[in-house]
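Novice: Here is how the chains run, residue by residue.
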Amino acid sequence: MKSSEPRKFIQLLPHPVLTMVLWIIWLLLNNTLAPGHIVLGFILAVIIPLLTTSFWPEKIILSNPWVIFKFFWVVIWDILIANMVVAKLILGPSRRLKPGFVLIDLEIQHPLGISILANTISLTPGTVSCDVSPDRKQLKVHALHLENEMDTIHEIKQRYETPLIKVFQSC
Amino acid sequence: MTSLPFLPLVVPLLIGISLLLIQSLGLKHQRFVSLMGAVALVWISIESLFVSLTGEPQVFILGNWAAPFGIVLVLDQLSAMMVLITSLLAMSAIWYAISQKIDNKGAHFHTLFHIQLFGLNGAFLTGDVFNLFVFFEVLLLASYGLILHGGGRLRTKAGLHYVVINLIGSTLFLFAVGALYGILGTLNIADMAVKIAELPVEDYGIVSAAGLLLLLVFGLKAAMFPLYLWLPQAYANAPAPVAALFAIMTKVGLYAIIRVHGTLFGSTAGDLAYFYMPWLLILGLITLLLAALGVLAARGLREQIAYLVLTSVATLLIGIGLNSPAALSASLYYLIHSTLIAGGFFLLADMIAQGRGIYDDRFESSKPIFKGILLGSFFIFAAIAMTGLPPLSGFFGKFLILAAALEHDWFAIIMATMLISSLFMIIAVAKSGSQLFYQTQIHQKPEGNLFSKKAFLAVVLLLGISPVLVILANPISAFTDSTTLQLLDKIQYIDTVLNTLPIERVQP
Amino acid sequence: MELLVALSIGALTASGVFLTLRARTFPVVLGLTLLAYAVNLFLFAMGRLTIGLPPIIDPAQGQYADPLPQALVLTAIVIAFGMTAFLIVLALKARAELGNDHVDGLNLAKDEASLDHTLPPRKPQKQAGKTI
Amino acid sequence: MLENILAILILVGAFFTLVGSIGLIKLPDFYMRLHGPTKATTMGVGSILIASAIYFSQKESGVSAHEVLITLFLFITAPISAHLMAKAALHIQTHQSEQTQKK
Amino acid sequence: MLTMALEIAFLMVGLALLFNFYRLIKGPSLPDRILALDTIYINSIAILILFGIYQQSALYFEAALLIAVMGFVGTVALSKYLLRGDIME
Amino acid sequence: MNLLAFNLPFVVLLPFIGAIFAAWSARFNRLAAAWVSGFIALSALVTLIPSAYQVFSGQTILQSWDWIPAIGLYFSFRLDGLALLFALLILVIGILVIFYARYYLAAKDSMGRFFAYLLMFMGSMLGIVLSENLIQLVVFWELTSITSFLLISYWQHRKEARQGARMALAITGAGGLALLAGVLLLGNVVGSYQLTDVLASGNLVRNSPLYLPILGLILLGVFTKSAQFPFHFWLPHAMAAPTPVSAYLHSATMVKAGIFLLARFFPILSGTPEWSWLVGGAGMITLIIGAYTAFFKHDLKGLLAYSTISHLGLITLLFGFGTQMAAVAAIFHIINHATFKASLFMVAGIIDHETGSRDMRKLNGLIKYMPHTAFLAIIASAAMAGVPLLNGFLSKEMFFEQAVTASQASHSAWMIPILVTIGGVLSVAYSIRFIHDVFFNGEPINLPKIPHEPPRFMKIPVDLLVIICLAVGIFPNLTVAPLLEIAVAGTLQSAPPHYSLAIWHGLTPALIMSLIALTGGILFYFLRHRLFKFYDQHFRQIDARHFFNIVMNNLFSIANAVTHRFDKGSLQNASAWIVFSALFFTAYGFAIQDTPLFGERPMLPVDAISLMLAIGLMLTSIVLVFIHRQRLLTLIVIGMIGLVLSLTFVKFSAPDLALTQLSIEVVTIILLLLALYFLPQATPKEIGKMRLWRDGILAVLSGVGITLYTLAVLTRDYQTIADYFLANSVTGGGGSNVVNVILVDFRGFDTLGEITVLALAGLGVFAMLQNMKLPAPKNDIEGRLWSNDSHPLIMQTFTRLLLPLMIMVAIFIFLRGHNLPGGGFIAGLIASVALIVQYLSNGIHLTSEHFKVNMNWAIGLGLLIAVTTGLVAMGIGFPFLTSAFTHLNWPIVGEFEVASAIAFDLGVFLVVVGATVMSLVQLGRLSFASHHPKAKEQK
Ligand code: NA
Ligand code: NA
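Chains as they are written, first to last, in the working numbering: chain H, 1 to 171; chain V, 1 to 508; chain P, 1 to 132; chain S, 1 to 103; chain Y, 1 to 89; chain Z, 1 to 939.
Just to be clear, a hint being listed does not mean it is correct.
Said to hold, decoys possible - Cross-link-like lysine to aspartate or glutamate pairs, in silico, EDC-like; alpha carbons within 20 Å at most:
{"hint": "1", "chain 1": "Z", "residue 1": "LYS368", "chain 2": "Z", "residue 2": "GLU485"}
{"hint": "2", "chain 1": "Z", "residue 1": "LYS362", "chain 2": "Z", "residue 2": "ASP463"}
{"hint": "3", "chain 1": "S", "residue 1": "LYS59", "chain 2": "P", "residue 2": "ASP58"}
{"hint": "4", "chain 1": "H", "residue 1": "LYS140", "chain 2": "Z", "residue 2": "ASP789"}
{"hint": "5", "chain 1": "V", "residue 1": "LYS445", "chain 2": "V", "residue 2": "GLU364"}
{"hint": "6", "chain 1": "Z", "residue 1": "LYS568", "chain 2": "P", "residue 2": "ASP104"}
{"hint": "7", "chain 1": "H", "residue 1": "LYS98", "chain 2": "H", "residue 2": "GLU149"}
{"hint": "8", "chain 1": "H", "residue 1": "LYS137", "chain 2": "H", "residue 2": "ASP78"}
{"hint": "9", "chain 1": "H", "residue 1": "LYS98", "chain 2": "H", "residue 2": "ASP135"}
{"hint": "10", "chain 1": "Z", "residue 1": "LYS449", "chain 2": "Z", "residue 2": "GLU600"}
{"hint": "11", "chain 1": "Z", "residue 1": "LYS685", "chain 2": "P", "residue 2": "ASP104"}
{"hint": "12", "chain 1": "Z", "residue 1": "LYS773", "chain 2": "P", "residue 2": "ASP58"}
{"hint": "13", "chain 1": "V", "residue 1": "LYS445", "chain 2": "Z", "residue 2": "GLU160"}
{"hint": "14", "chain 1": "H", "residue 1": "LYS157", "chain 2": "H", "residue 2": "GLU107"}
{"hint": "15", "chain 1": "Z", "residue 1": "LYS533", "chain 2": "Z", "residue 2": "ASP717"}
{"hint": "16", "chain 1": "V", "residue 1": "LYS105", "chain 2": "P", "residue 2": "ASP58"}
{"hint": "17", "chain 1": "V", "residue 1": "LYS105", "chain 2": "V", "residue 2": "GLU364"}
{"hint": "18", "chain 1": "V", "residue 1": "LYS490", "chain 2": "V", "residue 2": "GLU504"}
{"hint": "19", "chain 1": "H", "residue 1": "LYS88", "chain 2": "H", "residue 2": "GLU147"}
{"hint": "20", "chain 1": "Z", "residue 1": "LYS449", "chain 2": "Z", "residue 2": "ASP299"}
{"hint": "21", "chain 1": "Z", "residue 1": "LYS362", "chain 2": "Z", "residue 2": "ASP536"}
{"hint": "22", "chain 1": "H", "residue 1": "LYS88", "chain 2": "H", "residue 2": "ASP78"}
{"hint": "23", "chain 1": "H", "residue 1": "LYS137", "chain 2": "Z", "residue 2": "ASP789"}
{"hint": "24", "chain 1": "V", "residue 1": "LYS101", "chain 2": "V", "residue 2": "GLU364"}
{"hint": "25", "chain 1": "V", "residue 1": "LYS371", "chain 2": "Z", "residue 2": "ASP109"}
{"hint": "26", "chain 1": "H", "residue 1": "LYS70", "chain 2": "H", "residue 2": "ASP105"}
{"hint": "27", "chain 1": "Z", "residue 1": "LYS362", "chain 2": "Z", "residue 2": "ASP352"}
{"hint": "28", "chain 1": "Z", "residue 1": "LYS159", "chain 2": "V", "residue 2": "GLU56"}
{"hint": "29", "chain 1": "Z", "residue 1": "LYS108", "chain 2": "Z", "residue 2": "GLU160"}
{"hint": "30", "chain 1": "Z", "residue 1": "LYS159", "chain 2": "Z", "residue 2": "ASP359"}
{"hint": "31", "chain 1": "H", "residue 1": "LYS166", "chain 2": "H", "residue 2": "GLU155"}
{"hint": "32", "chain 1": "Z", "residue 1": "LYS689", "chain 2": "P", "residue 2": "ASP104"}
{"hint": "33", "chain 1": "V", "residue 1": "LYS367", "chain 2": "Z", "residue 2": "ASP109"}
{"hint": "34", "chain 1": "H", "residue 1": "LYS98", "chain 2": "S", "residue 2": "GLU3"}
{"hint": "35", "chain 1": "H", "residue 1": "LYS140", "chain 2": "S", "residue 2": "GLU3"}
Since the hints were derived computationally from the structure, they do not count as laboratory data.
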């Protein structure tokens, strides 16, 4: 991850998505839509990525906005479900729980993709991602209650990894 | 409003900052700036002293907020005197550090040194208790950096002890200031004095406890029994110019006692007036005896000087604790003497140690010292001055204190302690001097030729002040007399501080 | 409520004092940190305790907590942090120069032996739950 | 009406917060305990934050949306924390419950 | 209604805190304790937000935000210590 | 300019100035120092002579200048008969000694140093005798101690010289301090330190309740200096000095200083029983012990030393009689003793010089080898023995006469003549021994050199002195009478009594005593062999030096024990003392005031969460004590305590504090984690149970104490200046966050100091970590190797996101700080954490590549901005840090505030970021250097 490739000119918007996000964050932080803050927020949202651009050497281009949107809502829903499930498991008798570790072979290769996948797994029913193998080919997941290892793996790959691969395939 | 009280603060701070910013230009430039800064500071200090002599304390209200709301700087004769002593010491120490190339033994020497001066002068000039705390921290942290400058086993150990002990002290300081604020609701020294004068009796306990706790904090800085344990090794192991500057460090504590306790629990404090004084006297006497024994027990010259510094602190504690104008004035005279001479002695000790090579400053037989006669003569000179033998300033300082003690009930004890401890010191330095200079392996060649005439200038300058103090004893003691009068005039101090008004703002 | 705060200050002070008096640098640093907590809380409490009256000028709010101790504590917190940073690095320096982490540089071989982290790496154990 | 929604959000939030902590004391090994705080607590606090957003939007004239920021932040960081803690636990071979299925 | 809900919520979160304290002190493993600390941080956010509603003051938001950020950073640092010893290499 | 207006100080100071010249001149020519010294001494003598005439005509000359008049310190001089007598002795014998020393010193001895010391000593002695002010007298008194130390230790490579010098300094220095005390008291009683006033206040002093202390202290000075029993033992050891020094110090000067003082204070202190007992008693014992011991010394100079002690005892005894006639005898004997003893010392020096030995068991029959010297020695010894027609006889006769007179004073005084006769017997005996054992008694034994006469000029001083002995002895009225007359007048401060200097007074008791002494002395000498044996058996062991050494060794070992028992070099010990003192002082401070512990102010009600948090805090604090040995665990617990503290701040209306505490907390934990890596992971058990108990008790007492103290304050009401801040924050400071306005405006100077502290911490850390090397542990405490995954993927990806976000938050917090919770500090800390997190997840190396800001610069710039903001105000005529603010109205943006305080806060921000990041990253680099030793070297 070296950023040594010479830049001929400073791009004004190295990371447009980041700029958008920061702009929104500024307005959220100030809890306002006052014109002054919109201007100031925009200026900051442009400047900050420029200042921190060296930490973001690679471009992040998110394609397939629809997939992203769908993925987002799936995850939100799963989080709600996950909480019910986990609440039940926690409040129920813990002797009946059958915890276990699952190893998932990863197809997704983009680091950010792997990370989002790991996060998603942790937020959704009964699983917490625990470790990524050094070669980034395997993800170790702990399940609070493991009925069927294969099903869990399948569901994770199907529900989360596939859409994420689509999102990150272009980069 | 004159800005003179502020200059001794802003100059070292700006010099310190510039030194940091020009670091990349190399040591040569830093040395020049550092030295020029020190010279400028001496000049400003002399100016300040002259201005202070015009009578009223000079008040500088920072941020244009009048006391007690804003922080004020107060330049009176005492603070001007302390600032001048500090700058003289600093100039000599910097000169010495440059001549002996001590400043390149670690990073940021000159920056730390000037910021240390900022802290010291701040402590001397501020009129606000919490601001005093802040400046204590500034000068302490700078001193931490300086004491460790260059590193080494013993120095690190001594530095660690010094730092931890002072951190405990800082904590206690805050407890005391907090409690005082909790009752008095103010932080300005003059205003606190006003509030204490009107204090309801049921709050006496808290204020008195906080007052004694604060005394302890200042006593820790001043190295009063039983709080002086940080001092001997810290001074003995600090780099020479730092040790020289440290001669003023203990005096900061004493100054704070005179300033803060003298004002808060001074003549205006009703039943609480001077209630802390007996403790100064008792602890001063104990410190003196123990320190004199320490002088006897020292294993090396620097350690011995450190204990000698301790005896001077103890003498000052006694002088202040005598609680009379004459004694206070005498103490101020002795303070000037003891600080500058101790500084010079530390530098001299470093030159002696260098002249002895691997034998360093340990009291053991060594090869002859290069320039032994010159160094030996100055050793005798410094030893006479430090132990309080005639005809140098140490004797006159002690004599003035003793003369003032004649009126005190405990005169016999005070005199006996002071004289017996002097005897111990004489015996000790006679022994150490003879071990350092006489007990040499006579047929050996001297160790190297480590002697820097340039560096020696600093020693001469500082030690040379002793005869000046003797010859000009009359004008100087007249000065300390009038300083004492000014110090005891609490009403004037309080009125001047609280009635200095901000400059009218013109609203845009 | 004042009692709770006072007791908290007391508890922090007590354990701070005890740790400050220990023989190794690390507990001393922790002890001083605790003492700093204690004194900051103390200083803060000296402005008396008020609930829901932050000193942010607001026409709707008639009363305010005493802002001065808050400002003082803020200063004190930052200073204490600077001191801690310095001290902990000094502790490292002391370890480097003195060869151990005893505050007096004493080499107490007996108690060091059990803690020497240059022990050869152990073979992985099945039951490694109870760490430290 | 709004007040009821707020009350429910608050209670639900507090409930899940509590559930997370119950998991923390009740479950037999670290890896299992990890699930409670990661999900339930995050969710619970999120719920309370939403309540706050609604409350302040209603109390003051404008829209109070900054609570969303914390909520999002929590949802992004909770799994990372959990992941790192689990990774550390695996590395130092923290005790696993006897119930854990062996492969 | 709202006040009652808040009071109950305070009790529940307080209870949660108590459980967290228990885990923090009891352990047994270091990850357990880090987890307990992390949870205390997050519960504190809840307390602050609830307190803000209770006091009808928006002044607690920044503190809650910072708790979230700092809690995360702390957990990351502690976990990395367990992993590598050297957290900044 | 009239020289006679200031010749006295000139006489005193001339030798001091001359000392510098002497030392300097020796660089060119070995002998130049001697010539310079002689010239200086002669000049001083010549300068004194005009005044001497005045004194002989009955005047007392006073020359005075102000020094510190307020405390009675004047630079003032007095010349009366007594002073003149002593000044003449000092100068005349001084010139002779200089002359003698010029031949005595060997080629390898440093002439410059010797004569410089000698001149300084001469000046000090002159200072003593010529001082009108008593404090000034004490100054010179102590100067003689110091200069005599230098002279005695002149042959510094000799152990006896060093020891003898130190002994002399210790004893005489101590006496000087006692004298100072006595003079202080005396001055206090009289109301002046001027001799003229003091001498006029005899009755006042003798009737004062302080008379006895004054007398005791002054006599301590006298007895130590004049080697009176029991302080006599330093003198023989001072014989390690070169003989010219002995001749000078121990005949006419140093030891006579005490005698001078006795004479000086005679009019005011004498005449009381206390005086008689103390002075007379000490004199008598010294007289006999000295004489007795002298006889048994085999060393020539040893014999002379004890004889000196004995004669000093004699003079002291005379003063002790307290009568005017006794004083006359004392003065007379001072003169005589100075002459014969100086010559005898010089003779001893010649013998030593020419034979290489001073041992009388080896020196025999020297009359054959050095008849001239022998002749001189015989006459001088005879004078010492009190043989008629020599000066010693005259004064000894007067002494015996006074002893007889004194014997009638009281019932028990009949012993006095008997005792002094015994003294006389002994004195004759040792005088005979000096002559017979050295110049007769067979042949020399094993002398290092073959004896011969010394150089001619070396004998001249002795010749002169012996001539004086004879002249005075034969023609007292023609020679010494006028001098004695004025000296006595000066001593008594009144007209001298009638006395006779006739050689023959008839067959008086005194003459009989003299005859007994002479015959008894001869007899005693004949019995010497048996006596030596007896002495060896019974007295050999009694060596005063031995006793002195024991005292000194004890002093040093007590000093060592006390010092190192208290100053153990233990930090724990030092800290415990501080804690103890703090507890004691606070409790004492409260207790003495007798006020109620608590006030009446009502307390706030407790709620559930607060209770829970407080319990959590207290429990964890206490638990911490028990788990503190597990270091990582402690950090986790500390994290929890810091959080609870922040919540407390929130609860009690201090949002700014909460924000600061939160950010500082995490930075602290990271810092401690960074450091912990290089420290042992656990704390070993402390062995001392007692220490744990001690610390536990101190801890509990501190906890209880501070709890009570807090409650004591919190239950009381107070008036505070805070209202002013609340009222002026918006209008005067331009901000509604009062805490922030205090920080950047009302008390901005505190903040400047505080960021200076932070900057210093950063710089200090940087300086300390330079070149530091610490081994990086390969495995954790359980012995596990560290994980290979140095930068976990998930952490790396997400924390990069955190950076812009947290910077956004930091800016947000910064900008709102003046009006709402926030400000430069908190913003700075948040930005620091943002950067630190990058280092945590990406590592030092990578992050440093991305982020190339010199933190030294950030610190410097931050401070500069803060200071400059303050200075700008000064530039326009306001005090430092005076703030200004205004409201601007821009299109679109709307109204906003611009305040100078924001610039100040920016400085704060930069320093916080700079110092924090620098400290942590420097620490991080330490491990980087440990892992990659070469990486550091390249830098
Ligand atoms: Na989490
Ligand atoms: Na590191």
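Novice: Is the hinted pair Z:LYS362 and Z:ASP352 satisfied, with a Cα-Cα distance of at most 20 Å?
Specialist: Since the Cα atoms of Z:LYS362 and Z:ASP352 sit roughly 12 Å apart, the hinted pair holds (cutoff 20 Å).
Novice: Between V:LYS367 and Z:ASP109, is the straight-line Cα distance small enough, at 20 Å or below?
Specialist: 19 Å, holds
Novice: Given the hinted pair Z:LYS449 and Z:GLU600, is their Cα-Cα distance within 20 Å?
Specialist: 98 Å, violated
Novice: Run the distance test for H:LYS140 versus Z:ASP789: straight-line Cα separation, threshold 20 Å.
Specialist: Holds, at roughly 15 Å.
Novice: For a C-alpha distance cap of 20 Å, please report whether Z:LYS368 and Z:GLU485 respect it.
Specialist: Roughly 42 Å between the alpha carbons, so the hint for Z:LYS368 and Z:GLU485 is violated.
Novice: Hint check: H:LYS137 vs H:ASP78, CA-CA at most 20 Å. Holds or violated?
Specialist: 25 Å, violated
Novice: Regarding the pair V:LYS105 and P:ASP58, is the alpha-carbon distance no greater than 20 Å?
Specialist: Between V:LYS105 and P:ASP58 the Cα gap is close to 55 Å, so the pair fails against 20 Å, i.e. violated.
Novice: Keeping to a limit of 20 Å between CA atoms, is the pair of Z:LYS449 and Z:ASP299 held or broken?
Specialist: 17 Å, holds
Novice: Checking one constraint from the list: CA of Z:LYS362 to CA of Z:ASP536, max 20 Å. Satisfied?
Specialist: Status holds; Cα separation ~18 Å.
Novice: For V:LYS105 and V:GLU364, compute the direct alpha-carbon distance and say whether it is at most 20 Å.
Specialist: This hinted pair is violated, its Cα atoms lying about 27 Å apart.
Novice: Going straight from one Cα to the other, do H:LYS70 and H:ASP105 come out at no more than 20 Å?
Specialist: 24 Å, violated
Novice: Between Z:LYS533 and Z:ASP717, does the CA-CA distance stay at or below 20 Å?
Specialist: 90 Å, violated
Hint compliance for this structure: hints 1, 2, 8, 9, 10, 12, 13, 15, 16, 17, 18, 24, 26, 28, 34 and 35 are not met, and every other hint is.
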